[in-house]
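J.: Turn these sequences into a full structure, and let the hints guide you.
As given, the protein sequences belong to chains E and C, one line each in that order. Take any residue in the first sequence, note its place counting from 1, add 335, and you have its number in the numbering used here. Take any residue in the second sequence, note its place counting from 1, add 1, and you have its number in the numbering used here.
If you only want the chain C side, here are some residues facing chain E, beta carbon under 10 Å, derived:
| no. | residue |
| --- | --- |
| 1 | Gln39 |
| 2 | Leu47 |
| 3 | Phe52 |
| 4 | Pro95 |
| 5 | Leu102 |
| 6 | Phe104 |
Under the rule of at most 30 Å between Cα atoms (straight-line distance), these lysine-lysine pairs were calculated in the BS3-like manner:
| no. | chain 1 | residue 1 | chain 2 | residue 2 |
| --- | --- | --- | --- | --- |
| 7 | C | Lys106 | E | Lys392 |
| 8 | C | Lys50 | E | Lys392 |
| 9 | C | Lys106 | E | Lys348 |
| 10 | C | Lys50 | E | Lys390 |
| 11 | C | Lys106 | E | Lys390 |
| 12 | C | Lys106 | E | Lys338 |
| 13 | E | Lys338 | C | Lys62 |
Rather than coming from a laboratory, the hints here were simulated on the basis of the structure. Computed from a predicted model, the values in this text were never measured in an experiment. Just so it is clear, CB atoms sit at the ideal spot from N, CA and C, and this is done for glycine as well.
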Amino acid sequence: DVKVTQSSRYLVKRTGEKVFLECVQDMDHENMFWYRQDPGLGLRLIYFSYDVKMKEKGDIPEGYSVSREKKERFSLILESASTNQTSMYLCASRPGGAEQYFGPGTRLTVT
Amino acid sequence: AQSVTQPDIHITVSEGASLELRCNYSYGATPYLFWYVQSPGQGLQLLLKYFSGDTLVQGIKGFEAEFKRSQSSFNLRKPSVHWSDAAEYFCAAPNQAGTALIFGKGTTLSVSS
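T.: Laid out in structure tokens, this is it:
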């Protein structure tokens with residue numbers, strides 16, 4: 336079975352802090368994704384990566400950056416967390432096909 | 002631009018009754034289409050997928066979906082709902098570049114006894 340893990344299920348951070356969300360997949364997938372999920376808005380793509388050190392902006396990249404130094408790991412970085420970044424963050428990975436496999440999510444609260 | 006629409010925000014169904022969740026897409030070519038389910042506080046689990054071929058696809062947990070090109074729809078069905086089916090359901094399709102999925106806003110299913 337594909338396994339996508341996220342480093343934290345719940346995080347509470349203060350405004351202005353730098354926040355790292357980590358995602359690891361164990362299936363050698365080429366593509367990895369970060370989404371945020373908000374009530375009534377569904378899932379929105381923040382960034383994705385199709386190879387090590389390669390990244391592409393999604394629909395809502397402002398306020399975020401990403402890092403992919405190893406194939407199995409894709410990190411989402413909030414350079415200076417703000418309250419409007421309080422959300423559920425979902426990581427996914429994808430092999431050559433189209434379907435994505437999701438991690439359990441990180442619920443981030445910024446106070 | 003591609004879009005995925007789930008017209009129903011919230012549906013309540015009695016346990017044992019049948020279920021249909023609606024999904025409409027706008028897509029130029031033959032799409033890949035997916036249904037995912039999310040239990041409270043969890044990530045998304047793939048229920049089923051349509052790539053090509055048979056327009057009626059079977060998934061896990063007794064779900065099925067039918068692709069209707071003429072109606073641009075990919076509705077999810079289950080003949081008899083169980084209380085454990087209460088969750089949020091998302092329909093998805095690839096974006097225009099084929100690099101990621103775009104999701105509908107989701108339908109929350111409640112099951113009454």
